[in-house]
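Q: This is what each chain is made of:
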Amino acid sequence: MLTLGQLQVAFAAAVTDNAAAPSAACLFADDSASALQGLAIYRGSVQAKVERALSAAYPITAQIVGGAFFAAMASAYAKSTPSTHADLNCYGAEFSAFLESFEHAQNLPYLPDVARMEWLMHRAHYAGDAAPFDAAALVALPPDAQEHLRLTLHPAVGLLASPYPLTRIRDIHQPGYAGSMEVEPAVETQYVLVSRPRFRVEVDAIGAGSFAFLEAHTRGESLTGALTAALAADPRFDLAGSLPTWVANRVVTNFVSPQG
Amino acid sequence: MDHRLIIRNALLGLIAASGAAHAAESVPVPVTAGKEKCYGVAKAGQNDCASVVGTHSCAGQAKADNDPTEWKLAAKGTCEKMGGKLIAAKKQ
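For the protein sequence lines, the chains are A and B, in the order given.
In terms of the numbering used here, the first sequence is numbered consecutively and its last residue is 260.
In terms of the numbering used here, the second sequence is numbered consecutively and its last residue is 92.
Accuracy of the hints is not assured; some may be wrong.
Straight line, CA to CA, 27 Å or less: simulated DSSO-like cross-link-like pairs of lysine-lysine [as the list claims (entries may be wrong)]:
id : chain 1 : residue 1 : chain 2 : residue 2
1  : A       : Lys49     : B       : Lys76
2  : A       : Lys79     : B       : Lys72
3  : A       : Lys49     : B       : Lys72
4  : A       : Lys49     : B       : Lys43
5  : B       : Lys76     : A       : Lys79
DEER-style ranges, computed between Cβ atoms [said to hold, decoys possible]:
id : chain 1 : residue 1 : chain 2 : residue 2 : range
6  : A       : Gly220    : B       : Leu5      : 22 to 30 Å
7  : B       : Arg4      : A       : Gln106    : 47 to 55 Å
8  : A       : Thr218    : B       : Gly83     : 29 to 37 Å
Source of the hints: derived by calculation from the structure; they are not laboratory data.
Ideal Cβ placement from N, Cα and C applies to all residues, glycine included.
Please build the complete structure, drawing on both the sequences and the hints.
A: Below, the structure written as structure tokens:
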């Protein structure tokens, strides 16, 4: 007699992989052939859901490889990486890492970075809200405390550096786009900022200095540390010019002073 | 300019800019702006239960999966149109 845990593991394996189905057929009162057919339908249903969840999160990746290829790729991903969350909108976080090593997608070396950008966009859409920046609280701060401040980034903010022209790839895959599909290789690293200024997710190419500054904050650096990193990446980095834009676009939403 | 001064100037600029922004926000917002907002919120294809591409479909997908895992597909999407230049670019 199987324990409940063993039964669930056997059923989950049969639903993920048809090779595991015969060992789970004995769980059912029906004859083996009918049980296997039932499991195949269940499996087809699960895979269709997985494919829908992934194509909602990765619409550009899906357009790049085409529907049939994407469906097969989604199925392979589902076998290697089962969902661990009750919400299917959270499924697919490791898809870019999967594509990195997926042998049939190796001739599309830019695909994992496209998927990385798409996951940041997908997460940005569902990220929580943040209260607007309270500049009045800045006024109350003693001048000596300013350089030790740490800025808080909005939960929707995502940062990505890539050797591929990701924003161009995104632009030519927008609904209604009718221009040329040709993509020139990027001459230098592209720094991408994903944010949600109001309700829609925005994707922008930013400078190396801006990227280094924001990225330093994700590592818990203070304003001084982040500024040092930004100026090292780009001596022309303009903090006074960038900060008001980031506050207005809900990239920077708060600050933490070291005293708490 | 030393870092302390750059930071001080940037924060002062921020305080000044936010003062201006608050003044701008007090201007009545046209009604159409509010309507526009409502349309943009749902992610494509995910705003109703029975949508074709939604993640929470009500209709079951009763297609049996009995295929052995054999790969014989080629990527046939926009990758072809984007051309070979992108692929030639090596990842650093």
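Q: Now look at each hint and say whether the structure bears it out.
A: Structure-based check of each hint:
no.: 1; hint: Lys49(A) x Lys76(B); result: holds, 22 Å
no.: 2; hint: Lys79(A) x Lys72(B); result: holds, 18 Å
no.: 3; hint: Lys49(A) x Lys72(B); result: holds, 22 Å
no.: 4; hint: Lys49(A) x Lys43(B); result: holds, 17 Å
no.: 5; hint: Lys76(B) x Lys79(A); result: holds, 23 Å
no.: 6; hint: Gly220(A) x Leu5(B): 22 to 30 Å; result: holds, 24 Å
no.: 7; hint: Arg4(B) x Gln106(A): 47 to 55 Å; result: holds, 50 Å
no.: 8; hint: Thr218(A) x Gly83(B): 29 to 37 Å; result: holds, 35 Å
Comparing the model with each numbered hint stated earlier shows that all of them hold.
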